[in-house]
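Participant: Here are the chains, one letter per residue:
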Amino acid sequence: MASTATQRAPALGAGEMLRWFWTQLTSMRTALILLFLLALAAIPGSIVPQRSSSPIRVNDFREAHPNLDRIYQPLGVYDVYTSPWFSAIYLLLFASLIGCILPRIRQHVRALRTPPPRVPARLDRLPEYAGAAAASTAPGLTAAHAFLKGRRFLVARSENGISAERGRWRETGNLLFHTSLIFVLVGVAWSNLYGYKGSAMVVEGQGFSNTLTQFDELRAGAFVDTNALEPFTVILDSFTVSFETGEVQRGAARQFDAEVTVVDGGQRRKELLQVNHPVRVVGRSVHLIAHGYAAQVTIRDGDGRVALSGPVIFLPQDGNFSSAGVIKAPDARPERLAFEGFFLPTAVVDDRGPRSVFPDAYNPELFLNAWTGPPKKETGLPENVYSLDTSGLEPVQLNGDLARFRPKVGEHYTLPDQMGSVTFDGWSRWAKLQTSSTPGLWLTVGSIAAAIVGLCLSLFIRPRRLWIRLVQDNDGARFEAGGLDRADASTGLAEDVRGLLAAAVGDPSPNSDIDRDHAAVRNQESEGEQ
Amino acid sequence: MTTEVLSNLAMVTAAVVYLLAVVAHAAEWASLRGVPVLTSEQTETYRTTLARSNYWGRLGVGLTMIAAASHVVGVVSRGIAAERAPWGNMYEFVTTLMLFIVLLYLILLRKAHLRWLGLLVNLLLTLGMGLAVTVLYVAVAPLVPALHSVWFIIHIVAASIAGAAFNVGGLATIVGLLKARSERRGTAQVGYLARLPSLERLDTIAYRAHAFGFPLWTFAVAAGAIWAEFAWGRFWGWDPKETWSLVTWVIYAGYLHARATAGWKGRRAAIIALIGLVSFWFNFIGVNLLLNGLHSYAGI
Ligand code: HEM
Chain A
0 MASTATQRAP
10 ALGAGEMLRW
20 FWTQLTSMRT
30 ALILLFLLAL
40 AAIPGSIVPQ
50 RSSSPIRVND
60 FREAHPNLDR
70 IYQPLGVYDV
80 YTSPWFSAIY
90 LLLFASLIGC
100 ILPRIRQHVR
110 ALRTPPPRVP
120 ARLDRLPEYA
130 GAAAASTAPG
140 LTAAHAFLKG
150 RRFLVARSEN
160 GISAERGRWR
170 ETGNLLFHTS
180 LIFVLVGVAW
190 SNLYGYKGSA
200 MVVEGQGFSN
210 TLTQFDELRA
220 GAFVDTNALE
230 PFTVILDSFT
240 VSFETGEVQR
250 GAARQFDAEV
260 TVVDGGQRRK
270 ELLQVNHPVR
280 VVGRSVHLIA
290 HGYAAQVTIR
300 DGDGRVALSG
310 PVIFLPQDGN
320 FSSAGVIKAP
330 DARPERLAFE
340 GFFLPTAVVD
350 DRGPRSVFPD
360 AYNPELFLNA
370 WTGPPKKETG
380 LPENVYSLDT
390 SGLEPVQLNG
400 DLARFRPKVG
410 EHYTLPDQMG
420 SVTFDGWSRW
430 AKLQTSSTPG
440 LWLTVGSIAA
450 AIVGLCLSLF
460 IRPRRLWIRL
470 VQDNDGARFE
480 AGGLDRADAS
490 TGLAEDVRGL
500 LAAAVGDPSP
510 NSDIDRDHAA
520 VRNQESEGEQ
Chain B
0 MTTEVLSNLA
10 MVTAAVVYLL
20 AVVAHAAEWA
30 SLRGVPVLTS
40 EQTETYRTTL
50 ARSNYWGRLG
60 VGLTMIAAAS
70 HVVGVVSRGI
80 AAERAPWGNM
90 YEFVTTLMLF
100 IVLLYLILLR
110 KAHLRWLGLL
120 VNLLLTLGMG
130 LAVTVLYVAV
140 APLVPALHSV
150 WFIIHIVAAS
160 IAGAAFNVGG
170 LATIVGLLKA
180 RSERRGTAQV
190 GYLARLPSLE
200 RLDTIAYRAH
210 AFGFPLWTFA
220 VAAGAIWAEF
230 AWGRFWGWDP
240 KETWSLVTWV
250 IYAGYLHARA
260 TAGWKGRRAA
270 IIALIGLVSF
280 WFNFIGVNLL
290 LNGLHSYAGI
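Chains as they are written, first to last, in numbering that gives the first Met the number 0: chain A, 0 to 529; chain B, 0 to 299.
Mixed in with the good hints, there may be bad ones.
Now the in silico label distances, taken between C-beta atoms and shown as ranges [claimed, not checked]:
id	chain 1	residue 1	chain 2	residue 2	range
1	B	L289	A	P373	49 to 55 Å
2	A	G318	B	A68	36 to 42 Å
3	B	T47	A	V452	49 to 55 Å
4	B	E40	A	R112	57 to 63 Å
5	A	K269	B	T2	35 to 41 Å
6	A	R50	B	L289	17 to 23 Å
7	B	L105	A	A145	35 to 41 Å
8	A	K269	B	V75	39 to 45 Å
9	B	M0	A	K407	44 to 50 Å
Quick list of in silico lysine to any residue cross-link-like pairs, SDA-like style, CA-CA up to 25 Å [said to hold, decoys possible]:
id	chain 1	residue 1	chain 2	residue 2
10	B	K110	A	R497
11	B	K110	A	F459
12	A	K269	A	K431
13	B	K264	A	P462
Derived by calculation from the structure, the hints in this document are not laboratory data. Quick caveat, the model's predicted, so the values are computed rather than measured. All C-beta atoms in this analysis are idealised placements derived from N, C-alpha and C, irrespective of residue type, glycine included.
The whole structure should be built from the sequences, with the hints applied where relevant.
Facilitator: As structure tokens, this is what we get:
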């Protein structure tokens, strides 16, 4: 990198430009900066509502903050994790990662094949050094060799010295970790491209089949043939929910038990579906991910015929399951009918308006107003069943005011002017069942496991090199030992060097004539204890 | 006395005794104010001053041990009272995390002579336990169904131990920054900080704590994702809690890289570690209180 400044001065050819860019991209500093950008870029998505998880809150937010919306919408702040800028950061990071580790893998493979490096000329320049006179009776290099082997060093002998190394696996671990990160991403991409998630709201007693048309929502990867999903059916036989009724955490969910019948290739079986216990069908998981209330209603039209009879799903709006919904009777004659309002499982009306005060159905009531209009032509266009398009409809009035009514279970309400009636027959629960296929999950999970193993190797292995040599000079024979730690944060280097020397000299506590640093470290440590 | 009441009493006792330990360690630091580091010419008064500081320090450690014992009783009896692992809401998470912090500190105290961390650790423990027993307290209640999972237990234990390591590492980092500042100001030869291990040694201890915590945190985040796959049918959904866990993870990965990057070692790396700690705490408390997501389940 130091040379880049001089390279840049004359006009660069396209090739050099690319190389320059690549060197920059794969530098440690760039990796650091990209990591920070990634952390920063992930934050807005935790603060601003996201389309992927809460589309309704996104709409509310946009209405409540039109000024912010003008900035957020074009920037993709409602879809942070799929936005171009977020993708750019992590793709650059992974490009940097690949560019960084490929050459390191090559080097490391080569390094693994070479023996520990030769004894350096000046051992006393190493961070740790000790020397001692060698008596003729000294056990010598053979004992030093045994000492090193005993400490599981990789040893290479030369004529009058020994080189030893340990902890080469640290780099192996580091490379394993970084490589695994790439495969984590590959696994995620695989699941996204070849997997799908589809969900359907199913009222007790009903079921859903794993086909495109039966899902309320389906998110499928680009390579999924959504017309050929695995055929199976799940029937929600019963769904038991209970809530905390005691003082502490009143209203918190305590139990969700969905008894389901799975019909798979002509075979039927009963299963218990719970949160944390998905049901597996032909390699797919069926999860219980949400629940709510459906009102059983009967709508009679102006002609006195039943225009609608059955459960209508209401969507919970708060923790006490005040639920909003729409009842449509397009076939009612002479005028079609529609109702809009709330299902309140434990209804109260106070100065804050009608609402539910407990999530269980202790006092269920419907709060509705009605709309009416001439019959609409069938367009065949799909319609959102949870919202009411009021074009062509008139609100039903009573004495010059909007007609509002709140039937309890078993009650009915007759609309004015013989337009018809609505009966609140009862309620049942619905469960939102989700089928998901995540084909790359095993790769993601396996890669994370490998990454953790690599990380531990990389963080906890302390590579070290030790050398010892026998020198003959005017004063006679001497042993010199030295050592070097290749990762910071190591301890025990001094002990290893002294031990190595002691093994060669044959003295359990050699009088090393030079022993710098070590004493200083000792002093500081004991100073800390005081 | 019911087990629940016993638990509450033990937690409050722990909080109060941690506060006493803060006082003791503050006295340990304060009694060395302006006292130079002498190696020769030590007078009688000098030795008495050192002995007094030492006395306060030992008292601080003793108090921390008493508080920790009470703390263990608090957490265990909470679990017995609830008839489940005591990890169902913020009160229980905070008291458990604090317990892991004090245990890690006491282990390191034996192994690595960390008494110089006593003041900050006890300050943190006092704050954490104080906040838990006053603001976050909730009476014992069963778990919501989403938490009925062994992956959840694994997730919490791993995250708490990793969190304890990050906190201990972060506090050691703060001590290191204080010492570095005092050296820059030329007051390196007097006071408590002057008697601490060298900056390199402090940095090494901080690094080791972080290096211990990081793989565990990686595992905790992964275990959380596996649990989410069981509970909600998706491995990763960018829920605020998940997002902030990843942000924290990325910041600590940045810290580990910074230590290996020329120009980022030392002070800058230390500051990144502290940013990581802020992110950890925001994830631990802030997300539940401020942001809206699935993990707001626990209530406070
Ligand atoms: C997805 C992005 C990345 C993540 C999450 C990540 C994470 C980590 C972690 C946690 C460590 C500490 C392990 C250790 O100290 O051995 C580490 C070390 C390292 N990383 Fe990365 N890394 C990423 C990208 C990169 C890139 C792009 C490069 C190349 C410039 C790189 C080069 C290194 C090197 C050389 C080390 C060893 C540092 C040392 O010796 O302490 N990493 N990385």
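Participant: Confirm or reject each hint.
Facilitator: Hint by hint, here is what the structure shows:
1. For the hinted restraint 49 to 55 Å between B:L289 and A:P373, the CB-CB distance of approximately 50 Å keeps it satisfied.
2. The beta-carbon spacing between A:G318 and B:A68, approximately 39 Å, falls within the hinted interval of 36 to 42 Å.
3. With their beta carbons about 54 Å apart, B:T47 and A:V452 fall inside the hinted range of 49 to 55 Å.
4. The hinted range of 57 to 63 Å is satisfied by B:E40 and A:R112, whose Cβ atoms lie roughly 59 Å apart.
5. In this structure, A:K269 and B:T2 meet the distance hint of 35 to 41 Å, their C-beta atoms being roughly 39 Å apart.
6. A hinted range of 17 to 23 Å holds for the C-beta pair A:R50 and B:L289, which are about 21 Å apart.
7. For the pair B:L105 and A:A145, the beta carbons lie near 39 Å from each other, so the given range of 35 to 41 Å is met.
8. Hint check: A:K269 to B:V75, Cβ distance near 40 Å, so the stated range 39 to 45 Å holds.
9. In this structure the supplied range 44 to 50 Å holds for B:M0 paired with A:K407, their Cβ-Cβ distance being about 47 Å.
10. Between B:K110 and A:R497, the direct Cα distance comes to roughly 22 Å. Compliance with the 25 Å bound is thereby established for this hinted pair.
11. For the hint pairing B:K110 with A:F459, the CA-to-CA distance comes to about 17 Å; that is within 25 Å, so the pair holds.
12. Restraint check for A:K269 and A:K431: the C-alpha separation of about 18 Å stays at or below 25 Å, so the hint holds.
13. The hinted pair formed by B:K264 and A:P462 meets the criterion: a straight-line CA distance of about 20 Å does not exceed 25 Å.
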